[in-house]
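> In case you want the letters, here they are:
There are 2 protein chains.
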Amino acid sequence: MPDLSPVLRQIDQGFDASVARLQELLRFPSVGVDPKHEGDTKACARWLAEQLAGLGMEASVRPTEGMPMVVAHDRTAPGGSPHLLYYGHYDVQPADPLELWASPPFEPTIVEGPRGPRVVARGAVDDKGQLMTFVEALRAWKAVHGSLPVRVTVFLEGEEESSGKSLEPFLEANREELAADVCVISDTGMLDVDKPAITYTLRGMAYAEVTLHGPGRDLHSGMYGGAVVNPLNALCRIVAGLHDEQGRVQVPGFYDDVREIAPEEAQAWQRIGFDEKAFLQAAGLSVSQGEAGRSVLERVWSRPTCDLNGIWGGYTGEGGKTVIAAKASAKLSCRLVPDQDPAKVMAGLKRFFEERVPPGCRLDFTDMGTSPAVRVPTDSPFLEAARAAAAEVFGVPPVLIGCGGSIPVVASMKRLLGLDTLLVGFGLDDDQVHSPNEKFELVCYRRGIETHAAMLGRFAALTR
Amino acid sequence: MPDLSPVLRQIDQGFDASVARLQELLRFPSVGVDPKHEGDTKACARWLAEQLAGLGMEASVRPTEGMPMVVAHDRTAPGGSPHLLYYGHYDVQPADPLELWASPPFEPTIVEGPRGPRVVARGAVDDKGQLMTFVEALRAWKAVHGSLPVRVTVFLEGEEESSGKSLEPFLEANREELAADVCVISDTGMLDVDKPAITYTLRGMAYAEVTLHGPGRDLHSGMYGGAVVNPLNALCRIVAGLHDEQGRVQVPGFYDDVREIAPEEAQAWQRIGFDEKAFLQAAGLSVSQGEAGRSVLERVWSRPTCDLNGIWGGYTGEGGKTVIAAKASAKLSCRLVPDQDPAKVMAGLKRFFEERVPPGCRLDFTDMGTSPAVRVPTDSPFLEAARAAAAEVFGVPPVLIGCGGSIPVVASMKRLLGLDTLLVGFGLDDDQVHSPNEKFELVCYRRGIETHAAMLGRFAALTR
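Chains A and B, in that order, are what the protein sequence lines are.
In case it helps, the numbering used here puts the first sequence at residues 398 to 861.
In case it helps, the numbering used here puts the second sequence at residues 398 to 861.
Some hints could be false.
Heads up, the list lumps identical chains together, so a pair's fine if it works in one copy or across two of them.
Said to hold, decoys possible - Pairs of lysine-lysine, DSSO-like flavour, derived with a Cα cap of 27 Å: (1) K724 - K747; (2) K433 - K718; (3) K718 - K562; (4) K562 - K592; (5) K592 - K747; (6) K741 - K562; (7) K562 - K539; (8) K439 - K747.
Everything labelled a hint here was simulated from the structure, so no lab data went into it.
Just chain A, with the same shape it has in the complex (with noise of 0.2 Å):
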């Protein structure tokens, strides 16, 4: 296994410049799903590539309908040594609302916190901050060694927060090119700044639009209400349906293949010692709410959910206006777990819907993607060696963790490469993922960078 402790030494040396990098690649709005950041989103993908160039890489920005993919090769590692693949994504959530920002979301800025300094600006860990932990470590080991241990593939992509429609059509066209052993991804989370985790399951998602047509026009209410449906209304109590009083999910099927976890999965997730009050209060709750007779690690990844993620009808200006709107719409997803099929899923909450449109309304629903939920393999040397990197680096080993988001990517990487992916995130659940202010405590970065080091050096030590 060649020598860490110097490679760790340049980290933490260069550690001010890593830092510098980050904040240029935040600067970048790179919201990919908005039509008016195309350019700075293919901007962004540029930068990158000309970092992973810089680094001695073969790199290329490659052009697809949507944002473009990343992509870099490294050939420096001896002949035999096992091939990795780096994922992770450019893009980034909208930063609105704009007014809950402290500072601007794209001119990233380091304050001080309880951790130590921390970056913030949208994208600071989701994923431009994970996905630069990697970056940093392969740059390291390169200063170092003048080459990397193991055979590097670097794959980037812009449309992770969005439609994601470019990834799969792009896997498949470039099977040869991104084949390796194992998939590594920085998009998940930790206990905390000193407890390291590995994620081994990931829910999946089924998100659809719904809009529900009524009158023909908007009507004055005076004149018409208490006559006529009113879709606002209408709309509410179809989503009120959608769970009972247990909170228990009431889609058509929706249960049928949702499996309990083993008994000493129960027992691990009990020893990890999850602190539901902080996990709240981080959400600035106080309580937990959903299924009866669930913990919140249950609830949050083993129980698919079914959430609104926005609704919109009438008038929503100042003041008051006595109208009866001509039409209401919804956004919704329903987070899935392992056996769940999406397509049934999807296809049971289309059901619902139109099960219970009222007379004279008329439905529209949009199937807007989904993704199975994904378990990874927790025998796999991959995933021994990454345990013992970041038990290397933290002074303790690793928890297993389960994650309620979802990374549709594991799923492709699976179905399309045969590639199991090794879940390894440095991001906490303070950090305000998708929210105003999202940050990346500094400390989690630099161990990140340390970490992505360490596992470079033991997988090299997994000859194929």
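Place chain B on chain A using the hints.
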């Protein structure tokens, strides 16, 4: 009773000039709510005062903190004559969306329609065309007889379509000057060009805005979904409970003071021959929805409602965003019927929401204003005189109708001046009030002038 026929001849001979004056009035873009039309609105008030002064009335423009009032007195009637207070408003709704107008909204255009010529302009019927029906009737009487047969005060305001904030203080400050025997308003409708109507009930209103606050910030629906309250779903759940399966409003005490209409009223409504199908068709609907077991007329004229006027929360832009929003909001209003206490309804509405706030959530409830329903006495000699006058002009007696909308000034006249109001209006359901291409049928304008002329004559027969 003074002789009406020469007055009717005068109206006929002068009708083109009456139309020209209406067009002149319609050219003022008196959008009182829009600061950039403040000058136009005030100019409109001055023009009206000049018109009334031209009839020999003692007319003045009276400043308020907002748009001015126009007050004009005529004292040419014999002593002991009844005293009529004519109310109208010279401000109009904003004209947007402009692109939907076939001709510019403030260039009144005479267009041939299925019922003959009509004038198309913002304010054509609401309320400039209607207020001109009594102004032109006064003019014709003066032209023929040199005096009016009754004591008349004309009172025109410029904030009816906006805040209406100046009205009540002005009424209070000028009680003596505005004292009269009855108020007359032309701001309502007929059943058709040859089916005159007098409106005897108006619904009231209680308007509120609610915001349900949940998490302290927008959350990632993956990280938190299933374990935390979702304010959007929670608000929908509360709203869904506002009505039961029978369409009855579930606000505590809501129906306590609601009386069933009298059997003779119900019979009278059936005789009206109201065309439910046409009413719904005009709204782009084929079915009515509301309280079970009620006719459309009952639902609109005699039953209270609770309708959402707007709802918003979470992500409402293009594409998908997997957010659990920190809060959700709605605007909603109850239309009220006679004997309901608006304050009591508002308190019940507030309690309804407060009692349903889920654990961990907080409610903001804003009272946006209330006004009581109105029922005009149907046995007054003034109403009898108006019925006879309309019957004389139209050849058929007017029907007594309800109105689902609200005209807050009617309650103010009663409360502050002790005056009942005669609601004799000449609009039609398809006049596009508040919409693009607002119009007033010239046949309605002519019959309106004639009816007011006949009413003046019949009022004269009622000694004080």
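> Does each hint fit the structure? Answer for all of them.
A quick look at each hint next to the structure:
For a Cα distance limit of 27 Å, the shortest separation of K724 from K747 qualifies both inside one copy, at 18 Å, and across copies, at 26 Å. In this homomeric assembly, K433 and K718 come within 27 Å of each other (Cα to Cα) only across copies, at 17 Å, whereas the closest approach inside a single copy is 32 Å. Proximity of K718 and K562 under a CA criterion of 27 Å is satisfied inter-copy only: 15 Å between copies versus 40 Å inside one chain copy. Taking CA atoms no more than 27 Å apart as the test, K562 paired with K592 passes in neither setting, with 35 Å inside one copy and 61 Å between copies.
In the homo-oligomer, the alpha carbons of K592 and K747 never lie at most 27 Å apart, since the shortest distance is 41 Å inside one protomer and 47 Å across protomers. For the homomeric pair K741 and K562, the shortest alpha-carbon distance inside one copy (20 Å) is at most 27 Å, but the shortest distance between copies (54 Å) is not. Proximity of K562 and K539 under a CA criterion of 27 Å is satisfied in neither setting, with 34 Å inside one chain copy and 74 Å between copies. In this assembly of identical chains, the alpha carbons of K439 and K747 never lie at most 27 Å apart, being 35 Å within a copy and 50 Å across copies at closest.
The structure fails hints 4, 5, 7, 8 (numbered hints given earlier, in ascending order).
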